[in-house]
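**Q** One line per chain: the protein sequences are A and B, in this order. Mapping of the first sequence onto this note's numbering: residues -13 to 375, in sequence order. Mapping of the second sequence onto this note's numbering: residues 4 to 152, in sequence order.
Derived by calculation from the structure, the hints in this document are not laboratory data. In this text the structure is predicted, and so the values were computed from the model without any measurement. Check before you lean on any hint, since a few could be wrong.
Said to hold, decoys possible - Short, incomplete list of chain A residues facing chain B, as computed with Cβ under 8 Å:
| no. | residue |
| --- | --- |
| 1 | Tyr5 |
| 2 | Ser8 |
| 3 | Thr9 |
| 4 | Ala14 |
| 5 | Gln18 |
| 6 | Trp95 |
| 7 | Lys124 |
| 8 | Leu125 |
| 9 | Gly253 |
Claimed, not checked - Per the computed footprint, the stretches of chain B lying under chain A, defined by three or more beta-carbons under 8 Å from a beta-carbon of chain A, are:
| no. | segment |
| --- | --- |
| 10 | 23 to 29 |
| 11 | 59 to 69 |
| 12 | 79 to 86 |
The beta carbon of each residue, even a glycine, is placed where N, CA and C say it ideally should be.
What follows is each chain in one-letter form.
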Amino acid sequence: MGVHGGDIKTDPNKRSFIYLHSTLTLVASVAQDGDVGFLHKRRELEAEFVRLPYIEQTGIRAGDYFISPRLETWENLSDSCVLSTRGWILQESILSPRKLLFGKDQMHWECQEHAWDETDTLFVHNPFNNSRPMDLPKLLTDMTQSYKSIFNQYNSWYLLVSKYSRRHLTFKEDKFPAIQGLAGLIQRYLGCHYAAGLWEEDLPYGLLWSSHGPTSTQASSSRAPTWSWASLDSPIEYTLERRDGGSIIEISDIKFNQKESDIEHSGRTIRGMIDLIGLLQPVRIGTGPLQINYSTTFHHPVKDMAGNVVGEAIIDTIEMMNTLRVKDLFGLLVLRSVLNARIATSLLLRKREESSTFSRVGIFSNDRILDFPSVDLYETSSKERATLI
Amino acid sequence: MDVLLMLPGIPDGLDRVSNWMGVCEIQHPNCITVVQKLGDADHEQGRLPTRVIDVEPRDGTCDPLLLESNGRRGYYLALSHCWGRANILKTELSCLEEFREHIPFHRLCRNFQHAISITRRLGYRYLWIDSLCIIQDSAEDWARESAQM
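Please model the entire structure based on the sequences and the hints provided.
**A** Okay, here's the thing in structure tokens:
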């Protein structure tokens, strides 16, 4: 049947992305709550205007200046907008090609090329500068770049999930669903493989997130494997300059074995394990001060079994802190500088008692240790297989 | 106080929106190519989401209704909003049939009422709102639809 109710039917097997294909997205920026609404009586702007004559040098009055109260504009909208703190809104904002934002004082337009305020009298070119929001074309362009160098095409994704991890979700189990539309689109468009918040194609590096903030908490439900940032309810960070800041780093022999991976997608929960082959070495978490003090994260000295400090660790969650004094902690080498093999970044793993698998508890590196370690933790290590769950 | 070079007497806000829309459609190739570039392979232009709210008639003399699009084409607006603590009206299996006939306007939260009147006044027929267009107590529908946002 070609015609239905006057509309031409389409192939039901083809899918759409709701925000991406909308003509216009209405953004209820001011409404903190569904009951508030976003249309309000306008301020009586005309009554608040002061008119001043504009006199040219020749003495001729050529027009008028108007002095008006300072209104909220598109540029400062995002600072005050309650939606900018909400988890679901991130992909809605990125995917919408055109947005009509209802602000406190006026309406604002934002599309791929322009942002306008209602009080802009002319269609003045309002080019995006640094305040340009993260948009889909840029994200996809970045992710399709194949830099030959150390620049990482996935950095845009890591930046995005760092921001996402700072947003609030009413239902914490929406951590995966609230970004699934965007991930699905990227997967379809770029052909890369989504792996519980990371991309298989960039996995050794994608594992190198770190927890940020002393109140880091693990998700109450085990919605994500421990190697994914999505296993936390709290902010995470990627230290991007480790790869693209000019330092030369090689990826160690860790291999992501795609065939043996078991990544199941079931909406709110994603389980998966990664088999890695790499250098594994027992470590323990030491006590005592580090040379550098940080106030915002848990930094702990990592020592080899002989007691030498070999790095400083950021522990993923507050709950994991309690388990650190026990044995069965290991370092797994992930990145090593080719200029100085002793500068390295490793995952801190705990061997699980009930099986031969490992769960992630943190990350450690030694590049900030002032009194540089004289010991190469992995000097005597041989390659081993480790399964991360 | 801030000096702005602008004239008092802001025209009706929705005229301004129509102007923006017109300029964007004609002069902004990037805004169209975003959709087309991604749409060529997997998306047919103008395909409606699985369900949309049909807001006609424009004068608001009848309640809106929930339309199963069955692959129909059309232009639609989408709402991006925060649920907050409000007890907003949701589509559930028990009221699906009723909402296909009509969604009682007076029971909608103000955000939704406002979104529907803006959609009407801008001259569009279809609007997508997550809590109404996804069946909230159907795990299957929720998983399928939320993955396409």
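**Q** I'd like to know which numbered hints this structure contradicts. Please list them from smallest to largest.
**A** Going through the list in order, the structure violates hints 7, 8 and 11 and respects the others.
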